[in-house]
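J.: Using the sequences plus the hints, can you model the full thing?
For reference, the chains in residue letters:
2 protein chains.
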Amino acid sequence: MRYGHRPKRDKRISTHLALVARAFGADEIWFDEKDQNIEEKLEGVNRTFGGGFKVKTGVNWKEALTTCKEQGWCIVHLTMYGMPLPQIVKSIRREERDMLILVGGPKVPRLFYEIADYNVSVTNQPHSEVAALAVFLDWLLEGKEFQLEFRGGRLKIIPSERGKHVEALGGGNGEPC
Amino acid sequence: MRYGHRPKRDKRISTHLALVARAFGADEIWFDEKDQNIEEKLEGVNRTFGGGFKVKTGVNWKEALTTCKEQGWCIVHLTMYGMPLPQIVKSIRREERDMLILVGGPKVPRLFYEIADYNVSVTNQPHSEVAALAVFLDWLLEGKEFQLEFRGGRLKIIPSERGKHVEALGGGNGEPC
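One line per chain: the protein sequences are Y and U, in this order.
Counting in our numbering, the first sequence runs from 76 upward without gaps.
Counting in our numbering, the second sequence runs from 76 upward without gaps.
Think of the hints as simulated: they come from the structure by calculation, not from any bench.
Among these hints, one or two may not hold up.
Because identical chains share one entry, a pair is satisfied inside a single copy or across any pair of copies.
Okay, derived cross-link-like pairs now, BS3-like style, lysine-lysine, Cα gap no bigger than 25 Å in a straight line [unchecked claim]:
#1 Lys-182 / Lys-109
#2 Lys-144 / Lys-239
#3 Lys-182 / Lys-86
#4 Lys-116 / Lys-239
#5 Lys-239 / Lys-137
#6 Lys-131 / Lys-239
#7 Lys-239 / Lys-165
#8 Lys-83 / Lys-182
#9 Lys-182 / Lys-231
#10 Lys-109 / Lys-131
#11 Lys-109 / Lys-137
#12 Lys-144 / Lys-116
Computed from a prediction, not measured in an experiment: that's the story for all the values here.
T.: Rendered as structure tokens:
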């Protein structure tokens, strides 16, 4: 869940966050502000590249957070003030609960720090919630995001040493979107 | 080096790229378009959090790329069409040359694919150049970015399980910027 999404100013950052969540194995991303644009954008990516990733916008963050907590989810808050990822990741990997990952902009409610089971820093330097989410999920999954399969898309990228190699699947036209 | 920076549209993405490059151990970031704003922003981050990270904008990308190649630098191009990072990272770690990492937006010159010593994908799904750069550097450094020291700043963040703990250094006032 991304807190503090401002549809105009954060358009590209929020799109990158959603794409990272999808590519690195999350099932859904939630935004507090309504933003149909980002929902449609990710539906298009699913159609082209497959998978069933979901975007929910206009989510009441406080209600969602409280509900997840009450239902026993593991809450992870990514913040530059938190405990270093390498120190804490093994404990988080042992969790078998559903997981809610909180990312914010510069300012987030104090409640995030209090309600989180883990406040996690991806370095203690200022950088990017997009990068923090990607590196966190990469460590959590121990690189397994590289083997994820996204089914039902039109296109599949075939890794190449040079240039672009794209395979058309079931009715696709082979052109990258 | 970031190709295709558009100072207005890409302001936040480019700032995130620069901050990621700094936090994950690069010495410099180069942008093709002139953009004083991002130079000043990162100078401010260095003053507050330390280190000597440099931002160069208005760099002629073709000249820079050709010069690096002629001087024998290792050129890495991050692209969703490239070879998977886990397959290729060991070879790249063995390189002892200076390294230029190329990141683009959706479209980059064909030359990037041809001139690169390594075209590297951080998953073959569309996501974010910010995330790709962070995950690439994290794998390249095998997590050593978590031990980097940034000297000469006003503030140092002390990792905490809850809340924010910031130490003022030499004349700082202890307030996060």
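J.: If any of the earlier hints don't hold here, list their numbers in rising order.
T.: The structure breaks hints 6 and 12; every other hint is satisfied.
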